[in-house]
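Once you have looked at the hints, place chain H on chain V.
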Amino acid sequence: MKKPREVTNTSLFDQILSETSAEDKNFIANSLNIAHQIIAVMSQQGLKQKDLATRLGKTEAEISRWLSGSHNFTIRTISKIQTILGEQIVTTPKLIVDGFSDALDKVFISLKDQKTKVAFTVSDTVRTSYSTITKTAKIIPLSANFENAKFSYPGNFLTGTHS
Amino acid sequence: MIFTYKLSLPAEILKYKEFKKVTYYVLHVEGRGLHEFEDFQVRMNQIERYRTELQKMITLISEIGENHGALVEFFRNERAAEALPQPWYHYLDVNEGGAEEYGLRLYCLRLTPDVVLLLNGDMKIAHKADDCPNCGKHFKFANQVAKAINKDIEDGTLSIYGKDIEMDDDYILNL
Numbered sequence: 001m002k003k004p005r006e007v008t009n010t011s012l013f014d015q016i017l018s019e020t021s022a023e024d025k026n027f028i029a030n031s032l033n034i035a036h037q038i039i040a041v042m043s044q045q046g047l048k049q050k051d052l053a054t055r056l057g058k059t060e061a062e063i064s065r066w067l068s069g070s071h072n073f074t075i076r077t078i079s080k081i082q083t084i085l086g087e088q089i090v091t092t093p094k095l096i097v098d099g100f101s102d103a104l105d106k107v108f109i110s111l112k113d114q115k116t117k118v119a120f121t122v123s124d125t126v127r128t129s130y131s132t133i134t135k136t137a138k139i140i141p142l143s144a145n146f147e148n149a150k151f152s153y154p155g156n157f158l159t160g161t162h163s
Numbered sequence: 001m002i003f004t005y006k007l008s009l010p011a012e013i014l015k016y017k018e019f020k021k022v023t024y025y026v027l028h029v030e031g032r033g034l035h036e037f038e039d040f041q042v043r044m045n046q047i048e049r050y051r052t053e054l055q056k057m058i059t060l061i062s063e064i065g066e067n068h069g070a071l072v073e074f075f076r077n078e079r080a081a082e083a084l085p086q087p088w089y090h091y092l093d094v095n096e097g098g099a100e101e102y103g104l105r106l107y108c109l110r111l112t113p114d115v116v117l118l119l120n121g122d123m124k125i126a127h128k129a130d131d132c133p134n135c136g137k138h139f140k141f142a143n144q145v146a147k148a149i150n151k152d153i154e155d156g157t158l159s160i161y162g163k164d165i166e167m168d169d170d171y172i173l174n175l
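Top line first, the protein sequences correspond to chains V and H.
Using my numbering, the letters of the first sequence correspond one by one to residues 1 to 163.
Using my numbering, the letters of the second sequence correspond one by one to residues 1 to 175.
Be aware that a few hints might be false.
Here are the simulated DSBU-like cross-link-like pairs (lysine-lysine), alpha carbons at most 30 angstroms apart as the crow flies [to be verified]:
1. H:LYS128 - V:LYS2
2. H:LYS151 - H:LYS163
3. V:LYS3 - H:LYS17
4. H:LYS163 - H:LYS147
Cβ-to-Cβ under 8 angstroms is the rule here; a few derived chain V residues that face chain H [what the hints assert, rightly or not]:
5. THR10
6. LEU12
7. GLY46
No lab work stands behind these hints, which were simulated from the structure alone.
Where is the CB? At the ideal position from N, CA and C, for every residue including glycine.
So that you can see chain V by itself, here it is in the shape it has in the complex (with noise of 0.2 angstroms):
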């Protein structure tokens, strides 16, 4: 058995590429982000087209178009879509983080009551530089029990055991 030879060069599609506005790779980004959301809750909500479509009384094809991962979504089309669906679609890097620190206290406040020492040091970069979250939040356990508590965060972004 062999493989395929490799085209040696593609400098036209990297040129094409490099030539898209911003603008539009942003477009193109966000329609599929939005897509593969709702493609992963139907699915994990055991949903086809079909059901989508008829909860939200359109036509399958529209659906289609929605998922294509070039979609205009409206506003009002995501709300729709997060109603029916019960679950956040899209989300916001204030909301990430505000859902992190909202999680943090709640681990805080139950370790707490548990009377478990531990401690928590969270970078103030978590507040002023959302693409830096994960890397500047540091938990520290002092105690052996804290390796059992878990945290979540809201709209499954974010979601863990510390070990």
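Positioned in the frame of chain V, the structure of chain H alone reads:
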């Protein structure tokens, strides 16, 4: 470039670009200067008013490849083959010759969520691909390729493992 498709056309599958989620392959038909996807890019890039749409198409391919995988929802069904893009808007324009334009079409084969074979395409100027003087031949060719590849996968001369295509040492795709 004018194509005439004949029976028993030998072609070679080539690895084009590997992204985190998808590896894209292309097809080079023996005797043609460019592989099919390159021919599409060169021709469409030469027409200035198609350029923005071509850029969006390339961005879509790149984004799907890097961040999402080739989800079935992102492709349009074209009988045995697929095409990009899905209708991202109701694109309809009238060109200088008075023909309606339905947007660029790039025919392809979405073999798995990890492997896509990019073929050729054009500006669609008829409602049905079969009737389109620009896209008709690419649509038919894509379906011809789809049938040949499906046969070779069934025969075991061509296999897909994750993002890789593997084939017999003397493999040639006969169209």
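Right, here's what the structure says about each hint:
no.	hint	in the structure
1	H:LYS128 - V:LYS2	violated, 38 angstroms
2	H:LYS151 - H:LYS163	holds, 20 angstroms
3	V:LYS3 - H:LYS17	holds, 14 angstroms
4	H:LYS163 - H:LYS147	holds, 21 angstroms
5	THR10	holds, 6 angstroms
6	LEU12	holds, 5 angstroms
7	GLY46	violated, 16 angstroms
When held up to the earlier numbered hints, the structure conflicts with 1 and 7 and fits the remainder.
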